[in-house]
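Could you put together the complete structure from these sequences and hints?
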Amino acid sequence: MISVAAVTKRYGGMLALDAVDLDIARGEIFALLGPNGAGKTTLISIICGTVSMTSGRVLIGDRDILADYRGARAQVGLVPQEIALDIFSTVWNTVVFSRRLFGRPSDRAYLERLLRDLSLWEKRDARIIELSGGMKRRVMIAKALSHQPEVLFLDEPTAGVDVELRRDMWGLVRRLRDMGVTIILTTHYIEEAEEMADRVGVMKGGRILLVEEKHALMRKLGKRRMTLALDQPLRELPVALADVPLALDHDGRRLVYTFAGSEHGAVPSLLRRLAELGIDYSDLDMTRSSLEDIFVDLVGQRA
Amino acid sequence: MTGAMSMNLRGVLAIFAAEMARTRRTILQSVATPVLTTALYFIVFGSAIGSRIQQVGGVSYGAFIVPGLMMLSLLTQSISNASIAIYFPKFTGTVFEILSAPLSYVEVVVGYVGAAATKSVVIGLIILATAALFTPVRVLHPFWMVAFLLLTSVAFSLFGFIVGVWAKNFEQLAIIPALIVTPLTFLGGAFYSIDMLPPAWRTVSLFNPVVYLVSGFRWSFYGLGDVSVQASLGFTAAFIVGCLLFLWWIFRTGWRLKS
Ligand SMILES: Nc1ncnc2c1ncn2[C@@H]1O[C@H](COP(=O)(O)OP(=O)(O)OP(=O)(O)O)[C@@H](O)[C@H]1O
Ligand SMILES: [Mg+2]
Chain A
0 MISVAAVTKR
10 YGGMLALDAV
20 DLDIARGEIF
30 ALLGPNGAGK
40 TTLISIICGT
50 VSMTSGRVLI
60 GDRDILADYR
70 GARAQVGLVP
80 QEIALDIFST
90 VWNTVVFSRR
100 LFGRPSDRAY
110 LERLLRDLSL
120 WEKRDARIIE
130 LSGGMKRRVM
140 IAKALSHQPE
150 VLFLDEPTAG
160 VDVELRRDMW
170 GLVRRLRDMG
180 VTIILTTHYI
190 EEAEEMADRV
200 GVMKGGRILL
210 VEEKHALMRK
220 LGKRRMTLAL
230 DQPLRELPVA
240 LADVPLALDH
250 DGRRLVYTFA
260 GSEHGAVPSL
270 LRRLAELGID
280 YSDLDMTRSS
290 LEDIFVDLVG
300 QRA
Chain B
0 MTGAMSMNLR
10 GVLAIFAAEM
20 ARTRRTILQS
30 VATPVLTTAL
40 YFIVFGSAIG
50 SRIQQVGGVS
60 YGAFIVPGLM
70 MLSLLTQSIS
80 NASIAIYFPK
90 FTGTVFEILS
100 APLSYVEVVV
110 GYVGAAATKS
120 VVIGLIILAT
130 AALFTPVRVL
140 HPFWMVAFLL
150 LTSVAFSLFG
160 FIVGVWAKNF
170 EQLAIIPALI
180 VTPLTFLGGA
190 FYSIDMLPPA
200 WRTVSLFNPV
210 VYLVSGFRWS
220 FYGLGDVSVQ
230 ASLGFTAAFI
240 VGCLLFLWWI
250 FRTGWRLKS
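So the protein sequences, as listed, match chains A and B.
Counted from 1, the first sequence has number 78 at position 79 by numbering that gives the first Met the number 0; the numbering is strictly sequential.
Counted from 1, the second sequence has number 125 at position 126 by numbering that gives the first Met the number 0; the numbering is strictly sequential.
Because the hints were derived from the structure by calculation, they are not lab data.
Each residue gets a CB set at the ideal place from its N, CA and C atoms; glycine is no exception.
It cannot be assumed that every hint is accurate.
To be verified - Not the full set, but computed from the structure, chain B residues with beta-carbon under 8 angstroms of chain A: (1) Asn7; (2) Ala17; (3) Arg24; (4) Thr93; (5) Ser99; (6) Ala100; (7) Arg251; (8) Gly253.
Unchecked claim - Under the rule of at most 20 angstroms between Cα atoms (straight-line distance), these lysine to any residue pairs were calculated in the SDA-like manner: (9) A/Lys222 - A/Leu245; (10) A/Lys213 - A/Glu155; (11) A/Lys135 - B/Phe87; (12) B/Lys89 - A/Leu245; (13) B/Lys257 - A/Gly12.
And the structure:
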């Protein structure tokens with residue numbers, strides 16, 4: 000659906016994007032993660048035509064964003080990171096305006112459904128200036144969807160949005176995906192990517208560090224940890240288990256085993272060997288690292 | 000829906016209609032200001048000064064200043080309307096939507112400049128109607144009067160659009176009309192014939208572009224001008240072409256619109 004090839008962006012001398020390559024499949028939800036200043040917004044803005052690239056090539060549904068900007072842009076809806084609205088306009092008028100701007104014939108029924116979906120129908124005649132921040136953010140989404148785009152870009156859609164509304168938005172994004180809309184979102188909430196995305200891309204310093212199917216990523220880079228509560232505290236690790244990455248915790252009352260998420264059969268074999276050594280335990284706890292842990296490992300800082 | 004779209008007429012009309020709606024929100028200011036200003040000019044210039052000047056080139060002074068008065072409003076209104084129209088979206092960030100829409104540069108300009116020029120023409124006609132209450136106005140060449148009205152509105156709306164793209168703050172937005180256009184208009188023979196000036200000043204005046212606009216416009220009313228009609232038309236056309244070239248460059252490079 001979207002193909003980004005060797006896109007480079009310089010702001011003056013500052014390299015904001017460094018030969019970025021990225022392909023997004025039709026119908027997927029793609030989450031772009033990365034610390035502040037990684038270049039997420041810059042990349043999205045270039046694809047949507049609001050920032051010009053220094054070099055490279057972008058196709059949206061096989062249409063070049065420069066050579067065939069009409070065809071390319073007509074398919075795209077953008078919800079930028081910052082709320083930007085004509086505060087004197089009404090909700091209804093601003094949504095109608097967006098649809099017309101994209102050259103689509105009027106469709107009151109569709110726009111009504113859209114506003115109802117976003118819980119904005121009651122507010123359709125209110126001026127934007129009278130809305131709360133969360134409502135304004137939803138108006139931004141309504142505008143982006145007003146022309147029924149095939150691709151939707153959401154640049155931090157849930158920043159500063161309360162938990163309930165965030166759940167609502169996730170629901171909306173899933174419904175859109177079910178309707179075949181391709182969705183690219185950036186977020187600082189790893190929980191969001193973990194919950195929503197089919198694939199995850201991690202950016203830092205203007206480069207894409209990796210792109211991976213979410214579950215594969217968690218299998219590959221995710222770690223699992225088993226913690227055993229021992230009956231008898233150990234003063235040191237048994238020599239017989241020197242080949243296993245173990246650690247003692249809680250004054251030797253806990254035995255912690257960390258292993259790759261993709262490793263199979265590691266736990267049963269360890270438990271068998273413990274039984275042979277006569278080390279008894281009263282409880283067993285397993286945890287799996289989240290996308291957040293993976294992210295921190297990758298970029299060395301929290302999102 | 001991704002079928003070939005050769006021209007986004009709906010998009011142009013959306014911009015045009017939104018701009019006209021913005022005027023409707025401030026209708027009182029948009030209409031009352033020119034009416035009041037015109038009335039004041041007639042009271043001050045027409046009556047106070049006009050009673051001493053009597054006639055200019057066979058036309059009563061009150062009637063003589065009507066084209067200049069219209070020109071003054073046309074220039075200032077075109078510039079301020081068109082510059083605010085593009086500066087404000089830049090300021091609030093809503094310009095992203097225009098930049099990301101399937102619209103060509105020409106379409107964006109037609110939408111904004113078309114709306115600004117339309118407003119100016121309406122205001123020009125309101126001033127004409129107001130003036131007619133104070134003084135007998137006749138229009139010798141109605142076709143050329145309308146042509147000058149349209150061309151000037153378009154020319155200075157284009158110029159205003161450029162000012163709006165260029166301006167980085169509200170001060171810069173106000174500075175061009177206040178410090179350049181209004182003085183040039185007052186010195187451009189809006190309220191006198193440059194024949195009335197000493198020869199040295201007359202020569203200096205010929206470097207003032209507004210002289211050509213006012214002169215051509217006044218010729219369409221009364222058949223008399225400070226410079227030839229061809230010079231007036233030529234200047235207006237050259238001004239439009241200059242603005243278009245500059246706009247073409249702005250959109251090509253994204254200057255002050257896209258980073
Ligand atoms: N208009 C601009 N002019 C100059 N530099 C810019 C501009 N916009 C962004 N940058 C720089 O480009 C880099 C990438 O910024 P960008 O906004 O794309 O990051 P981001 O990943 O979206 O960050 P965040 O998570 O904070 O939104 C940053 O170093 C930023 O300072
Ligand atoms: Mg950003």
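Hint by hint, here is what the structure shows:
1. Asn7: 4 angstroms, holds
2. Ala17: 6 angstroms, holds
3. Arg24: 7 angstroms, holds
4. Thr93: Since chain A brings a Cβ to about 5 angstroms from B/Thr93, closer than 8 angstroms, the hint holds.
5. Ser99: 5 angstroms, holds
6. Ala100: With a closest approach of 5 angstroms, the B/Ala100 hint holds.
7. Arg251: Cβ of B/Arg251 sits 10 angstroms from chain A, so the hint is violated.
8. Gly253: Given a least distance of 5 angstroms, the restraint on B/Gly253 holds.
9. A/Lys222 - A/Leu245: 14 angstroms, holds
10. A/Lys213 - A/Glu155: Holds, because 19 angstroms separates the two Cα atoms, which is no more than 20 angstroms.
11. A/Lys135 - B/Phe87: Distance ~19 angstroms between A/Lys135 and B/Phe87 Cα, so the pair holds.
12. B/Lys89 - A/Leu245: 59 angstroms, violated
13. B/Lys257 - A/Gly12: 17 angstroms, holds
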